[in-house]
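Peer 1: For reference, the chains in residue letters:
Number of protein chains: 2
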Amino acid sequence: MSLAPTRTDQQAQPDDAATPTASGTPADGPSADVTEAVLAIARRAKVAARALATATRGTKDAALHALADALVTHADEIVTANADDVARGRENGMTAGLLDRLTLTPDRVGAIADALRELASLPDPVGEVVRGSTLPNGLRVRQLRVPMGVVGMIYEARPNVTVDAVGLTLKSGNAVILRGGSAAASSNQAIVRVLGEALVAQGLPADLVQSVDEFGRAGGVALMRARGLVDVLVPRGGAALIQTVVRESVVPVIETGVGNCHVFVDASADPAMALEIVLNSKLHRVGVCNAAETLLVHRDIAPTFLPVALAALNEGGAVLHGDATSSDLAPQGVDVLPATDADWETEYLAAELAVRVVDSLDEALEHIRTWSSGHTDAIVTQHLPSSERFVAEVDSAVVNVNASTRFTDGGQFGLGAEIGISTQKLHARGPMGLGELTTTKWVVTGEGQVRA
Amino acid sequence: MSLAPTRTDQQAQPDDAATPTASGTPADGPSADVTEAVLAIARRAKVAARALATATRGTKDAALHALADALVTHADEIVTANADDVARGRENGMTAGLLDRLTLTPDRVGAIADALRELASLPDPVGEVVRGSTLPNGLRVRQLRVPMGVVGMIYEARPNVTVDAVGLTLKSGNAVILRGGSAAASSNQAIVRVLGEALVAQGLPADLVQSVDEFGRAGGVALMRARGLVDVLVPRGGAALIQTVVRESVVPVIETGVGNCHVFVDASADPAMALEIVLNSKLHRVGVCNAAETLLVHRDIAPTFLPVALAALNEGGAVLHGDATSSDLAPQGVDVLPATDADWETEYLAAELAVRVVDSLDEALEHIRTWSSGHTDAIVTQHLPSSERFVAEVDSAVVNVNASTRFTDGGQFGLGAEIGISTQKLHARGPMGLGELTTTKWVVTGEGQVRA
Numbered sequence: 001m002s003l004a005p006t007r008t009d010q011q012a013q014p015d016d017a018a019t020p021t022a023s024g025t026p027a028d029g030p031s032a033d034v035t036e037a038v039l040a041i042a043r044r045a046k047v048a049a050r051a052l053a054t055a056t057r058g059t060k061d062a063a064l065h066a067l068a069d070a071l072v073t074h075a076d077e078i079v080t081a082n083a084d085d086v087a088r089g090r091e092n093g094m095t096a097g098l099l100d101r102l103t104l105t106p107d108r109v110g111a112i113a114d115a116l117r118e119l120a121s122l123p124d125p126v127g128e129v130v131r132g133s134t135l136p137n138g139l140r141v142r143q144l145r146v147p148m149g150v151v152g153m154i155y156e157a158r159p160n161v162t163v164d165a166v167g168l169t170l171k172s173g174n175a176v177i178l179r180g181g182s183a184a185a186s187s188n189q190a191i192v193r194v195l196g197e198a199l200v201a202q203g204l205p206a207d208l209v210q211s212v213d214e215f216g217r218a219g220g221v222a223l224m225r226a227r228g229l230v231d232v233l234v235p236r237g238g239a240a241l242i243q244t245v246v247r248e249s250v251v252p253v254i255e256t257g258v259g260n261c262h263v264f265v266d267a268s269a270d271p272a273m274a275l276e277i278v279l280n281s282k283l284h285r286v287g288v289c290n291a292a293e294t295l296l297v298h299r300d301i302a303p304t305f306l307p308v309a310l311a312a313l314n315e316g317g318a319v320l321h322g323d324a325t326s327s328d329l330a331p332q333g334v335d336v337l338p339a340t341d342a343d344w345e346t347e348y349l350a351a352e353l354a355v356r357v358v359d360s361l362d363e364a365l366e367h368i369r370t371w372s373s374g375h376t377d378a379i380v381t382q383h384l385p386s387s388e389r390f391v392a393e394v395d396s397a398v399v400n401v402n403a404s405t406r407f408t409d410g411g412q413f414g415l416g417a418e419i420g421i422s423t424q425k426l427h428a429r430g431p432m433g434l435g436e437l438t439t440t441k442w443v444v445t446g447e448g449q450v451r452a
Numbered sequence: 001m002s003l004a005p006t007r008t009d010q011q012a013q014p015d016d017a018a019t020p021t022a023s024g025t026p027a028d029g030p031s032a033d034v035t036e037a038v039l040a041i042a043r044r045a046k047v048a049a050r051a052l053a054t055a056t057r058g059t060k061d062a063a064l065h066a067l068a069d070a071l072v073t074h075a076d077e078i079v080t081a082n083a084d085d086v087a088r089g090r091e092n093g094m095t096a097g098l099l100d101r102l103t104l105t106p107d108r109v110g111a112i113a114d115a116l117r118e119l120a121s122l123p124d125p126v127g128e129v130v131r132g133s134t135l136p137n138g139l140r141v142r143q144l145r146v147p148m149g150v151v152g153m154i155y156e157a158r159p160n161v162t163v164d165a166v167g168l169t170l171k172s173g174n175a176v177i178l179r180g181g182s183a184a185a186s187s188n189q190a191i192v193r194v195l196g197e198a199l200v201a202q203g204l205p206a207d208l209v210q211s212v213d214e215f216g217r218a219g220g221v222a223l224m225r226a227r228g229l230v231d232v233l234v235p236r237g238g239a240a241l242i243q244t245v246v247r248e249s250v251v252p253v254i255e256t257g258v259g260n261c262h263v264f265v266d267a268s269a270d271p272a273m274a275l276e277i278v279l280n281s282k283l284h285r286v287g288v289c290n291a292a293e294t295l296l297v298h299r300d301i302a303p304t305f306l307p308v309a310l311a312a313l314n315e316g317g318a319v320l321h322g323d324a325t326s327s328d329l330a331p332q333g334v335d336v337l338p339a340t341d342a343d344w345e346t347e348y349l350a351a352e353l354a355v356r357v358v359d360s361l362d363e364a365l366e367h368i369r370t371w372s373s374g375h376t377d378a379i380v381t382q383h384l385p386s387s388e389r390f391v392a393e394v395d396s397a398v399v400n401v402n403a404s405t406r407f408t409d410g411g412q413f414g415l416g417a418e419i420g421i422s423t424q425k426l427h428a429r430g431p432m433g434l435g436e437l438t439t440t441k442w443v444v445t446g447e448g449q450v451r452a
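These protein sequence lines are chains A and Z, in that order.
Going by the numbering used here, the first sequence opens with residue 1, and the numbers climb by one from there.
Going by the numbering used here, the second sequence opens with residue 1, and the numbers climb by one from there.
Keep in mind that the hints were calculated from the coordinates and are not lab data.
Treat the hints with care, as some may be off.
[What the hints assert, rightly or not] Cβ-Cβ distance ranges computed for the label pairs, FRET-style:
(1) Thr134(A) to Gly110(Z): 28 to 36 Å
(2) Val130(Z) to Arg299(A): 32 to 40 Å
(3) Gly132(Z) to Gln382(A): 19 to 27 Å
(4) Gly110(Z) to Gln382(A): 49 to 57 Å
(5) Gly333(A) to Ala62(Z): 57 to 65 Å
A virtual CB, placed ideally from N, CA and C, is assigned to each residue, including glycine.
Can you build the whole structure from these sequences, using the hints too?
Peer 2: Next comes the structure, spelled out in structure tokens:
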């Protein structure tokens with residue numbers, strides 16, 4: 001659905017939402033004042049979350065529509081605030097691509113509002129009975145889906161992420177505390193104000209949506225330390241941001257988004273299918289986490305497949321880095337730069353691809369084991385045992401057989417909107433929708449049962 | 001099932017598996033040698049886990065039976081090693097209760113072996129299709145349950161936890177790295193050796209079960225820092241151990257076990273039912289995390305209920321701490337010590353109970369919100385709206401209506417064996433069985449689909 005495009009925020013961007021210093025470690029903690037202010041925000045969020053936890057779907061959906069209407073009503077105000085961010089970005093030498101992503105127009109605000117309306121149409125995960133049974137002693141035991149409570153989002157520039165985060169957390173019954181990128185500070189401030197007023201008009205607490213942006217980087221760090229008040233932190237942005245949050249946070253974190261994705265073209269692959277999948281995985285959209293970064297080709301098919309594939313990739317504008325064999329197989333006029341370990345490791349997030357010829361499925365699996373970020377890896381094959389081994393042995397959130405890596409997306413998977421793509425194994429793995437923003441609670445009902 | 005009794009390891013015990021110094025923070029990190037040795041262990045575990053990840057249920061169950069047989073065959077050897085631990089414990093002034101829990105006999109080894117056989121009879125969580133569908137473009141999308149990979153266990157004295165951890169991780173397809181309490185070091189060493197030999201005899205890698213006990217406390221700290229190699233750490237023991245691991249670990253942690261559990265006797269409660277639930281929750285077994293630590297009584301029922309309840313608790317050997325009202329209601333000869341905030345906060349893990357009279361359900365909810373550890377809280381009531389509000393508003397892993405808190409247990413819930421009781425919201429909440437030791441993987445299968 002329409003929230004999907006927000007995942008371009010996972011492009012390489014100035015990593016200003018986190019606090020890495022030159023040494024890669026954060027500055028000494030936030031001041032006592034900032035810490036206390038952020039803790040006060042978190043306490044208010046916890047109280048507000050309580051009100052929402054028991055709200056009906058009707059209440060939440062009405063609020064989502066009201067938030068959407070408010071965005072449209074106040075579109076001019078938001079666009080004006082956004083113009084400040086864009087002007088500052090231009091002064092600071094932001095690239096045209098990033099400037100475009102930062103820019104809001106009334107139409108774009110309308111699209112963001114529509115995404116909230118689509119969220120309202122999704123099922124409410126809260127209250128789902130995950131499992132349940134009646135025990136021999138007559139106790140009824142049910143595991144119910146309930147909201148997390150308070151969700152912290154630390155993210156980078158794009159202001160539409162602000163609205164997505166608010167919509168997804170609201171629908172799943174949670175309060176949200178936002179720490180956005182300074183590049184979008186004015187836009188985010190205007191959006192949070194508009195959404196807060198709309199919540200109050202709906203009889204909901206404004207504290208459901210709060211920001212710590214006013215405290216700058218220290219606010220983000222204080223949020224990472226608010227264990228017990230913030231139930232989960234979701235960092236969303238480039239690798240540096242995510243690593244900083246994972247390293248520094250004492251609040252539980254869901255790691256998202258870094259995608260060093262592979263396509264392995266097996267000996268038995270249908271060459272036309274393989275070519276289409278490789279081109280789509282790499283070039284359909286280059287700055288996103290589910291784009292392919294490395295192409296592995298089985299030695300038996302390389303002599304026929306690679307010359308065609310490299311020419312097409314080159315034609316499509318891809319910069320190529322390859323091992324000696326792929327380089328030898330490149331047609332005249334197609335440059336293949338020598339690949340090093342840095343290429344196997346890099347998430348280019350650009351029209352750039354590393355290429356390697358492997359001797360076997362085992363060598364492909366070993367390469368992926370060594371270098372994959374565990375996001376999405378694909379095999380193209382007609383050989384059933386190869387596809388089965390690939391699926392069983394690749395330890396990634398998503399494993400594809402004969403399909404483009406670009407499908408890894410909550411909207412594409414039919415989960416509705418997503419708040420990010422988890423590359424960790426705990427709690428959520430792969431596209432995270434509304435359900436992943438909830439936890440469960442066991443409810444045990446009896447008539448006086450005691451343990452013998 | 002028979003693994004349930006192992007939860008007595010959650011009793012207060014010397015917190016020697018973690019590394020708190022007098023200041024509550026760990027000593028400076030492990031030496032480079034220890035770090036490298038532990039990382040080498042973790043790397044071997046990761047390789048071994050790969051072999052197990054694709055093993056069939058038949059292979060795993062046969063291994064569980066072989067491990068059980070090996071424990072019985074080598075019971076004498078294990079009991080002899082255990083005698084060293086018991087002798088050392090006695091020298092160090094360990095209490096009779098702890099000594100009893102530490103002690104292994106051939107019969108107890110047999111019971112531990114039987115628990116492994118019962119694990120073999122449980123369904124295999126690996127391979128379960130959690131959800132799946134065919135998308136409009138023909139892609140088949142499935143979310144499959146797969147093993148985590150490498151599980152770290154940091155725990156305290158009881159040697160049967162060693163066997164439980166091995167059995168649960170093996171059945172769920174994971175490798176395990178153990179850091180047990182030094183009080184059981186000889187027993188654990190003997191058990192790990194016997195189990196490792198039995199694995200090899202089954203054609204499985206001995207590296208599926210490894211220990212870092214030889215490195216002492218530094219081994220535990222190195223394990224907490226092995227991010228990327230260890231997929232999840234499960235600390236199991238007293239509050240100090242758990243807090244240390246939560247604070248120090250950069251590996252994702254599942255927090256377990258601290259249970260400051262409440263029973264609220266509502267105005268409408270059936271007094272006889274309430275009395276039985278209170279006595280069972282507090283006195284059925286006092287040193288466990290699902291025992292009640294605070295009794296809240298509605299003012300309207302207190303004058304008739306509390307004199308009887310306090311007398312019965314006193315009769316049952318409970319030391320009582322109460323607010324002024326409960327103290328006034330105590331019958332002659334029943335001492336009620338004045339309760340302070342420390343009492344509301346404390347997990348006594350003993351025949352000791354805090355008692356408070358509250359004016360309303362709201363006041364009970366507020367008390368629980370303030371002091372509960374989020375483990376298990378119970379209401380006794382005949383009033384449906386009160387039970388519904390209690391269930392909706394108490395933010396704990398398990399919420400009971402008219403049932404003893406003592407039911408919070410994987411065995412009691414019908415989940416089979418448990419590795420602990422999670423009090424966190426991420427990934428697992430409440431009793432953790434085999435399923436909670438797994439993660440999921442999305443498998444996307446197509447015939448050349450690319451994204452438009």
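Peer 1: The structure should be examined with respect to each hint, and the outcome stated for every one.
Peer 2: Consistency of the hints with the structure:
no.: 1; hint: Thr134(A) to Gly110(Z): 28 to 36 Å; result: holds (33 Å)
no.: 2; hint: Val130(Z) to Arg299(A): 32 to 40 Å; result: holds (37 Å)
no.: 3; hint: Gly132(Z) to Gln382(A): 19 to 27 Å; result: holds (23 Å)
no.: 4; hint: Gly110(Z) to Gln382(A): 49 to 57 Å; result: holds (53 Å)
no.: 5; hint: Gly333(A) to Ala62(Z): 57 to 65 Å; result: holds (59 Å)
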